[in-house]
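Could you put the whole structure together from the sequences, leaning on the hints where they help?
Sequence order for the protein chains is A and B. The end of the first sequence is residue 1132 by my numbering, with every number in the run present. The end of the second sequence is residue 797 by my numbering, with every number in the run present.
Simulated from the structure, these hints should not be mistaken for laboratory data. Any given hint could be a false lead.
Derived Cβ-Cβ restraints for the label pairs, each shown as a range [stated by the list, open to error]:
| # | chain 1 | residue 1 | chain 2 | residue 2 | range |
| --- | --- | --- | --- | --- | --- |
| 1 | A | L1127 | B | K404 | 25 to 31 angstroms |
| 2 | B | V729 | A | A1117 | 44 to 50 angstroms |
| 3 | A | L1127 | B | S402 | 42 to 48 angstroms |
| 4 | B | V533 | A | L1127 | 50 to 56 angstroms |
| 5 | B | H558 | A | A1117 | 15 to 21 angstroms |
| 6 | A | A1117 | B | V596 | 42 to 48 angstroms |
| 7 | B | D292 | A | A1117 | 47 to 53 angstroms |
| 8 | B | F68 | A | L1127 | 21 to 27 angstroms |
| 9 | A | L1127 | B | E30 | 21 to 27 angstroms |
| 10 | A | R1116 | B | D292 | 45 to 51 angstroms |
| 11 | A | L1127 | B | V483 | 26 to 32 angstroms |
Positions of the beta carbon are idealized from the N, C-alpha and C atoms, including for glycine.
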Amino acid sequence: MHTELLAHSPLLILPLGAMFLFLAVWVVTAVRALTRSRADMDAAARLPLEDDDE
Amino acid sequence: MSSSITADQVTGREAAAPPATETRRIVYNDSISRWFVWASVVFGVVGMLVGAVIALQLAFWQANVPPLLTFGRLRPLHTNAVIFAFVGNMMFAGVYYSTQRLVKARLASDLLSKIHFWGWQLIIVAAAITLPLGYTTGKEYAELEWPIDIAIAVVWVVFAINFFWTLAKRTEKHLYVAIWFYISTIITVAVLHICNSLEVPVFGLKSYSIYGGAQDALVQWWYGHNAVAFFLTTPILGIMYYYLPKAAGRPVYSYRLSVIHFWSLIFVYIWAGPHHLLNTALPDWAQTLGMVFSIALWAPSWGGMLNGLLTLKGAWNQVRTDPVLKFFAAGVTFYGMSTLEGPLLSIKSVNGLAHYTDWIIGHVHSGALGWNGFMAAGMFYWMVPKLYGRELHSKKMADTHFWLGTFGILLYVVSMWVSGITQGLMWRAVDESGALKYPNFVETVNAIRPMYWMRLIGGLMYLVGMLMMAYNLVVTARAGKAVDGEATVTVPVAEPQESMWAEVLFGKPVIVVTVVAVIGATMAVVNNEASIIFAGVAVVVAILGTIALHLAADKTQINWHRLLEGRALMFTSFVVIAVLVGGVAELVPTLLVTPAQVNAAAESKPYRPLELEGRDVYIREGCYVCHSQMIRTFAFEAKRYGEPSTMGESIYDHPFQWGSKRTGPDLAREGGKYPNLWHWRHMIDPRSVSAGSIMPPFPGLATNDVDAASTAAKMRALRSVGVPYTPTYIDSAASDEAAQATEIAANLKTDGVADAKPSSELVALVAYLQRLGVHPQPQPSGPAVSMAK
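Take a look at the structure:
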């Protein structure tokens, strides 16, 4: 099957490596984001409300 | 009417001693937002009007007016107008308005803003002229020819310079989440557009993609899917994160969730393109990758949706009375609906039923009309009163618009679900003997025609709502006068130079991620047993590293991501990495496949000159909009169309013609199924040989002449991208073209078509159709198949 041509390609390291990179980034980002201080987050979240109109 | 911020807020650091500060007055450039708003409203109405016309053409074929106003030529105009003119202008209006306020700085350059605006409108006008005239590359959502592609790239760079220059001048150090989404949009759209538009010009408005067959398919749908992601989704999410809190008067529900939402979304989205090519000749691993990431995409998409909807927590009473919040709430809900449906449709078995049917059209429109259209309406109803210093003319009219639009979308989407599922089931239905139950394709079309009328009614309701919005906004603007927003900011006289880039680049989270990624990637280069060990080690290191990071976190120090949020350049660099990692990893393996590896020489020969000209007519008339050339790996497809298509068969197709919708049957093995006479009569009057067909007639092709003088130039261009035409064969193109045309015309005359003109486009088109799926032996003077150039 031509569609399986690449099944044994050494280039498949690219998607595998990228997927691991993603998983690692995701885990670290999620944990770090969830453990950030509330005050820090609240200040950032209020930025759109500090406007010229209000 | 103004507010103040201090530079200390910017960094989040406690200043050791109060720095010397000064107060600045900023007057925002809101003119540019006003211009983009009006452009979006006008082109939105026009784009949706064209949509209603093509919906009518499907329900009532007599509404086609060849040659300029046929479905094949108008459908690309509709999609381009809605995506790039309506949503594009809306996005620019929203980005310019919110960015200035979020970073507390006027746009860097009024001149660049004007160049951006007028350049983009010129591109839209160029599209509106060239597409009905048949100038098209034949690649969906990227149909514009090469000079316009270059103009798009230039104008986009102007936009990028203006945006990033504004960030550089900002007085608010922290980059709010909306800005992250804008950054990802600007970077990724540039990458997508440039990569997918690489083409070899033949002359003024004619080019061939440098990619062919499966490679072109993969690049095209990497682009096509991510045009949805980074043109229709990420900028609108940025807009949601700014305008929804503004309209509701409360901060976003969870800033933490927005961090996770952003990085997950941009990393996962870029991989999902191959779900447009499931069960085709694309390599299996790429299909599986596309499917898995599409399903994973559900999580971040719903993270964003929930963050938007929960921002309204405690403000739901306002939703009842405020049309702005009504549109935002419904828009975000439609986003949730279509991002649930998208992953569902990406499951191979579900896709086997839905692909090529109207179900996909319904899915796309729940996103485009519900998410994009309603978010645009909400933003306009909120913005225009502010831009003109006056209350909205009529909230009641906006309410009516909302309900008309909502019912219009529901009618549209439900009719397309019914149509798609009905036709998909009919295509695969077999009787007790295993034969197709509905072997005549037209039967399956006639079964769904009532749904085409229902779709038209739904679309018209939505269009009336758009017209009401346009009127409401115009009256609002006329009753007020243009107002530019202002703000006062307090900034340090001399901001100390910071050297935080090293803290960001070599921060602990980056080190942990790098170590885990390297260990994980090692799996691919070791044997099976060792790879399991490496996978385990990677997981353990990731978990331990994360715990260590958490325990070692110093609450007195600035959080790593907070640092990143203050560094525009670094932030942009990380976005580039996130986007390119997926793109490169997914595309490169397939792009490196050579014709020899897929046995192309045995399965495919380059088109003869006349067939090539016929193919260009096929692309010009937009036949690919309704006909696929890809027989999927299903028994019911093989029964109807022949053996499944292979990679090698289309390798010389620049661009590929696999298609995305079957309003008519697949044509991958059309060659030899019918005599020349059948094709001739079918193109002039489809119903004369196929009762009940809804295809437009193309009588003009019988009288138009092929421009034989350009054939050799076309072959040379194709040779430069790898099609194995020899110089000798190119030199003899004219004589080969004439010989094949004379042969077909003589055959037609024998069958009674006395006026069959050998030089006509229709003879060339017949030559092309008769070649599809046929593997001819090389002609005596025919194309050499050597791979040597």
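Handout entry: Cβ separation of D292/B and A1117/A, checked against the hinted range 47 to 53 angstroms
Key = 50 angstroms, holds
Handout entry: Assessment of proposed distance window 21 to 27 angstroms (beta carbons of L1127/A, E30/B)
Key = Given a distance of about 24 angstroms, which is inside 21 to 27 angstroms, the answer is holds.
Exercise for the section: Using the beta carbons of L1127/A and V483/B, state whether their distance is inside 26 to 32 angstroms or not. Expected result: 29 angstroms, holds
Problem - Status of the given 42 to 48 angstroms range, CB of S402/B versus CB of L1127/A - result: 27 angstroms, violated
Practice task
Using the beta carbons of H558/B and A1117/A, state whether their distance is inside 15 to 21 angstroms or not.
Solution key: 18 angstroms, holds
Practice task
Starting from the range 50 to 56 angstroms, see whether the pair V533/B and L1127/A falls in it by beta-carbon distance.
Solution key: 51 angstroms, holds
Handout entry: Beta-carbon spacing of A1117/A to V596/B - inside the hinted bounds 42 to 48 angstroms or not
Key = Once the Cβ atoms are compared, 45 angstroms apart, the range 42 to 48 angstroms for V596/B and A1117/A holds.
Problem - Whether the CB-CB distance between R1116/A and D292/B falls inside 45 to 51 angstroms - result: Given about 47 angstroms between the Cβ atoms, the range holds.
Exercise for the section: State, for the Cβ atoms of F68/B and L1127/A, whether the hinted interval 21 to 27 angstroms holds or is violated. Expected result: Violated, at about 51 angstroms.
Handout entry: Verdict for L1127/A, K404/B (Cβ pair) under range 25 to 31 angstroms
Key = Taking Cβ atoms as reference, L1127/A and K404/B lie about 28 angstroms apart, which means the hint holds.
Practice task
Just tell me: holds or violated, for the beta carbon distance of V729/B and A1117/A against 44 to 50 angstroms?
Solution key: 58 angstroms, violated
The structure is inconsistent with the numbered hints 2, 3, 8, although it conforms to all the rest.
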